[in-house]
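**Q** With the sequences and hints as input, model every part of the structure.
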Amino acid sequence: MADLPHISLQILPFSAESHPGGDGAFTILGVGPDALLEVVTVHSLTRSWYVDEPSDVDHYSEAFERLREIALSESDSRKLIERLLSEL
Numbered sequence: 764m765a766d767l768p769h770i771s772l773q774i775l776p777f778s779a780e781s782h783p784g785g786d787g788a789f790t791i792l793g794v795g796p797d798a799l800l801e802v803v804t805v806h807s808l809t810r811s812w813y814v815d816e817p818s819d820v821d822h823y824s825e826a827f828e829r830l831r832e833i834a835l836s837e838s839d840s841r842k843l844i845e846r847l848l849s850e851l
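So for the sequence shown, my numbering puts the first residue at 764; every next one is plus one.
Just so you know, the hints here were simulated from the structure itself, not pulled from any lab data.
Here are the simulated distance ranges between beta carbons:
{"hint": "1", "residue 1": "D786", "residue 2": "S849", "range": "30 to 38 Å"}
{"hint": "2", "residue 1": "I844", "residue 2": "T804", "range": "20 to 28 Å"}
{"hint": "3", "residue 1": "S818", "residue 2": "L851", "range": "42 to 50 Å"}
{"hint": "4", "residue 1": "D839", "residue 2": "P768", "range": "17 to 25 Å"}
{"hint": "5", "residue 1": "G795", "residue 2": "R846", "range": "34 to 42 Å"}
{"hint": "6", "residue 1": "E850", "residue 2": "P796", "range": "39 to 47 Å"}
{"hint": "7", "residue 1": "G795", "residue 2": "I844", "range": "27 to 35 Å"}
{"hint": "8", "residue 1": "E845", "residue 2": "W812", "range": "35 to 43 Å"}
{"hint": "9", "residue 1": "I833", "residue 2": "L767", "range": "21 to 29 Å"}
{"hint": "10", "residue 1": "S818", "residue 2": "E850", "range": "38 to 46 Å"}
{"hint": "11", "residue 1": "R810", "residue 2": "L767", "range": "23 to 31 Å"}
Source: prediction; values computed, not measured.
Glycine is no exception: its CB is placed at the ideal position from the N, C-alpha and C atoms.
**A** Okay, here's the thing in structure tokens:
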């Protein structure tokens, strides 16, 4: 799956510092040509909701970029997965 051109896979290790995604899972969706509209889906244990206020979407986009910065690189993530699979 990580070989697909539109998918990036990065692992956030348990040893990572406190991070902005600690409140739960979220998905940023680009809607329309060139993602002119972005919507965030926030997921909790019992429900999901949508965020479309531009300033709130910006907050989630910044959190996502911070998560990418502190996660393992795509290459290191792939190596970790391959190592763990070989140990099974």
